[in-house]
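Count the sequence shown with mature numbering (1 follows the signal peptide of the UniProt record, and there is no 0) and you get residues -19 to -1, 1 to 1105, in order.
In case anyone wonders, no lab produced these hints; they're calculated from the structure. Errors might be hidden in some of the hints.
Below, in silico cross-link-like pairs of lysine-lysine (DSS-like), each with a Cα-Cα straight-line distance of 25 angstroms or less [said to hold, decoys possible]: (1) K474 to K601; (2) K121 to K474; (3) K798 to K808.
Simulated restraints, written as ranges between beta carbons of each label pair [said to hold, decoys possible]: (4) E1005 to R922: 43 to 49 angstroms; (5) K474 to P327: 26 to 32 angstroms; (6) N187 to K102: 35 to 41 angstroms; (7) G974 to N286: 21 to 27 angstroms; (8) L420 to I760: 20 to 26 angstroms; (9) K102 to S273: 47 to 53 angstroms; (10) T169 to S47: 54 to 60 angstroms; (11) P277 to S134: 50 to 56 angstroms; (12) G974 to E1005: 40 to 46 angstroms; (13) F887 to V1045: 37 to 43 angstroms; (14) P588 to G673: 47 to 53 angstroms; (15) H750 to Y496: 27 to 33 angstroms; (16) S753 to E506: 31 to 37 angstroms; (17) K102 to T169: 17 to 23 angstroms.
Quantities reported herein were computed from a predicted structural model and do not represent experimental measurements. Don't be surprised by glycine CBs; every beta carbon is placed ideally from N, CA and C.
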Amino acid sequence: MVASFFIIVLLLFTHQSFAQLYQGEHCDLGCLLKKLNLTIELGRNDACASDIGTAQMCFKSININSIELGELTTTEDNVTNPQSLTVNVGVNSIYAKAVFWLYKDTDAEVGEMEFVVKNIKVSITLDFETEEYLGYNIVKKVFTKITVYDGISFENVVCTCYDGGFFTDHTCWWIKTTVDIANGLLDTIVPKVLESQMSNIEESVNTALTDLFVNVNDNYIKPYIGNLDPQYIPVPEGMMNITESSMFDMISWATTYLLGGNTSLGLNNLINRFTQNTGNIVVGSNNNDTFSELSPLIVELLTFNDIDLGDLNATLDLGITFFNISGLNTCSKMEFFEPLRNTIDPATNQSICNTLDTCDQQLKLSSALDRLEINITFALNITSNSTTLDMEGEVLHEEGNLYIKVTDNYMEGRVQVAIPEGQFEEYSNNQCTNITCWLALFQNGTGIPYLQFNTSLDSLHLNAGSPDATSDLDRGVQSLINSVADVFINRYKAVIPVFLNGLVNNLGTGFINDYLNDNLNATCEENPDPEVKEYKPVIVASTISIAVVLSIILCAIAIIVLVVKWRFGKNHEESSVTTTGESKESDSSSEGEKEKKPFLQRLKSFPLWFCKQWLRTDEKGASLFLHPRVNIVIRVIMPFLILLNIALFITSNTGTGATVNAYISIGSGQVITMPVSDFGLMNSVEDMWTAGVYPLAVLIMVFSGIWPYTKLVILLFTWFMPSTLVVPKVRGIILKVLDALGKWSMLDSYVMVLMIVAFYFDIPLPIRHPESINDPVKINLYVYPAYGFVTLMLGTIASLIMSHVVVGVHNVVLHDKQSNHGEDGHKWRPLFFYCRFLVTKIIVPIFLFISFVLLVVGMFLISFSFDFLGLAGWALAILGQSPRREFSVVDLGTQLPGATREPNSFAVRITQIVYFMTIIVLPILHMISLFVLWFAPLQRRFQSFLYHCCEVLYAWSCIDVFVVSVIAAIVELSQFASFMVEPYCAAKIPQLGASIDDIVAEFFGEEELINGHETCFEVKANLEGGCWLLFVAVIIYTVCSIAIMKITKRCLAKRLPTEEERAVMNGTQIEMAEKQEEDKEDKDNTNKTEEKKESDDNDSYSPQESEEENTSSESMKIEEASDE
């Protein structure tokens, strides 16, 4: 009976619409009462009438259904201060069926009586007895009084008799046929039934509610009235002093200053941003939702379906359809993770740590919220298939509203952290990024020893019922629920804050501490950091092996050819004189024969002639590889070095060029490495091309990906090509072009230097408590020059050196010893004396001087700058870092070591040296050398030497390469950076339905550094005045340098010896040759024999060959020297 009563109360509460949770057939209150089916089992003496003879007439059980409720009103004893309430219920009719029996000596069921009860009126009064406890009135006992009023009537009485003995059958027949007797029995029995059942209900309700209040008082209220003593949690030995931890100091700064202070990221300001300066979070108001995209998700999370009601055989669906939380922007205090030693004990007026041995492991938490209002509309549905209430698939539903307003909210607590001393410092980087290892840091002794809430409850209202309710009955149910809520809330208004505090401590703190105890002492498995290889060992080994094998093959070829030539000369030693004469005659006769032979015959002999050119070792036709004037060591080692250089470039382009890593330094101990990205030449070019940065992608691909190999292959080609196939003049032009353009392979290196310095960030977070913290938490971002970058730069340097060597060998082979020994060549005169025109004498050097001044000045002026915008730039400004960075050419070099994690490493220092030498020192030295070459009075031999030095200096002067690389990088950098961060910033977050960029645009778009740059990261690269000054200076410098070198070459040609001087010098040389004739005879005879055999084999292939062979070496050298 009691369970049935509670079912009725619950169902009375749940009769309104909740379409959000259920879309099927709905059942109203009338429908509910009609479907109600209660069976009340009665005791022997609970429902008996007067004696019938020697027997007594009693009801054994009553089944009730089809209740028609006519009136439901609720009154409170005091509207402003309700202490009790009275509910008046009027029932129009109840259909009932009773089983009655007679008992005399034995019990015997007589039959059934069906009837309709009319005009039932019941009054229910709920009152409380309170007690005072430490100034609070708390409920001690609950009193319920149920009164059934007279005036009940009965209709439609129908009796059904069972088969029984003579006495029972006649008694039942007598009751059945006599209406007055039946009504009399009902008038006697029903009031007794009501009285006994109401008495049971009163007792059950009183007991249940009293036990509930006593439990709440004893466990959640009384222990938390007054001061709350902290719980003592012992700390094992060897735990670190967390008040001296940089990590916890950083968290304290972030929460206390950054979030708790009046900063751009202050909690109140953040909430105002997200709530349009209202401080309200609204969900379920259709067009006025704070986060309209998230509202469906929030409503879904707050909907709980199919909650089983246990023995009632019913299910409950509960959901929040609307809520409005306001006052979130009234936070007046937030201090988290503050050292407890700064807390004063009011009893002793000293630090609390004087009496607390776990003080070094505890931090204080406190926060205050001036006002908080919560307005919630909820709805629930109930379905039941029990015997008491079979709803036949229909649903009972209800809507309600809860409003709470609390002010002066204050929270204070402590957190205790036990971490073994030095354990975190021993973690590898993999362990630092593993959440399990972080949990393993916390040992026994970690917990929350103290947590207390204080608040002032200004208003609390619970309103039940749908706003669409129109009938008196619906409004009566709403009034009942509201009155019950008012009385309970009024009774406990002063105690509710204490109750909440107790609830948090018993359930919240206890749950957290229990959870920590169950999950502490986790195991962090050893996970050493893997070895990072910046190159691919297989490629390195294979390319070097191929280079060595090819070099050995070439060395073998050279040795074989030289040995064969030497042995051939030894075999013909005796007939050298005769052979010489014959060869001369053969040469003269073969010249005529060559002219006479037909074209087809000469074409047929071409393959054999072509192959023999590669084996020539004479000075006229040999390649640099087999030239007799080239040292055998140089012949062999140059191909090896060129092939090795190619192998170096291959390993560089297939390895990692640079890595971008973020480092979080926690004090002077642990450093957590967070890889951001890796770059190589190929993937960088691919990313740039995908990002639409075509000019920079093409420049880097051509000058760092294609040109280094092209140059070395051509250099190898010129080393092996015979002079008969590539004449020395053409070879010289090729080598000079290669030598002058080799520096353009440095373009990618300068772009990388720019990136290393520009994207270096050193952000030390502020120290909250400098009295106990020395080293702050730092966030560093480094661009690390890896294997690919260093080897590309070193390979380019090696390539430049090798081109100088090959050019030098070429010049030595063609060197004319007489060129510096003329009368004019010995005079100390400046070169500009040999120039006829004023423009070339004065104007060009003046422009060179102007470029010198512009270049020097431009190196110290700001040439480019970077503005970091969007969310990243705004964050930099908040952390006290400038979002703008400016650089000059000198700044870039001087700041390079400081912008790297290992400033004194070989890679960094060699990069800095190369940068300063090629960008600053050598261009200046080159221009000074040009001035000395042009204006200094020198002999021709010194001028010739200085001329070659200027050629080398220009090959190393990379200021033009630097300016082009900077302009290209600056122009394209913004677009490339946007492309690189797009996967992180612009990607939609499924749970939010928006990207980070969308959030930044909506809530932070008005900030100065974000307005117009609504993204999480944007860098704007700018070319400043210094760059354009350098650009002009480089153009003038390049034009003037080329012009002066061309003019200088002409002027040097004018200082060559005259024909008469050469004749005299040649005569002297002939005399010296005759004196040494005997010593050279063997070698000369051998060479002439070889030339004769080659002439016989070639059969005068072409006029060009004849002309090449008849041209004297002196003529070739003079022609080369005077070439413009």
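Hints versus structure:
With a C-alpha separation of about 115 angstroms, the suggested pair K474 and K601 falls outside the 25 angstroms cut-off, and the hint is violated. Between K121 and K474 the CA atoms are separated by roughly 15 angstroms; this keeps the pair inside 25 angstroms, and the hint holds. Proximity of K798 to K808 is assessed by CA-CA distance (about 17 angstroms); at most 25 angstroms being required, the pair is judged to hold. As the Cβ distance of E1005 to R922 is approximately 46 angstroms, the hint placing it in 43 to 49 angstroms holds.
One distance hint, 26 to 32 angstroms for the beta-carbon pair K474 and P327, holds here, with the actual separation near 29 angstroms. In this structure the hint that N187 and K102 lie 35 to 41 angstroms apart at CB is violated, the actual value being about 22 angstroms. Taking 21 to 27 angstroms as the suggested C-beta distance range, the pair G974 and N286 conforms, at roughly 23 angstroms. For the pair L420 and I760, the beta carbons lie near 24 angstroms from each other, so the given range of 20 to 26 angstroms is met.
At about 51 angstroms, the CB distance of K102 to S273 agrees with the hint of 47 to 53 angstroms. Taking the beta carbon of each, T169 and S47 are about 24 angstroms apart, not inside 54 to 60 angstroms as hinted. A hinted range of 50 to 56 angstroms for the beta carbons of P277 and S134 is consistent with their spacing of about 55 angstroms. A C-beta distance of roughly 42 angstroms is found between G974 and E1005, which places it inside the suggested range of 40 to 46 angstroms.
In this structure the hint that F887 and V1045 lie 37 to 43 angstroms apart at CB is violated, the actual value being about 57 angstroms. Against the hinted window of 47 to 53 angstroms, the Cβ-Cβ separation of P588 and G673 comes to about 52 angstroms, which satisfies the hint. Between H750 and Y496 the beta carbons are some 29 angstroms apart, a value that agrees with the proposed interval 27 to 33 angstroms. Taking the beta carbon of each, S753 and E506 are about 33 angstroms apart, inside 31 to 37 angstroms as hinted.
Between K102 and T169, the C-beta spacing of about 19 angstroms keeps the proposed range 17 to 23 angstroms intact.
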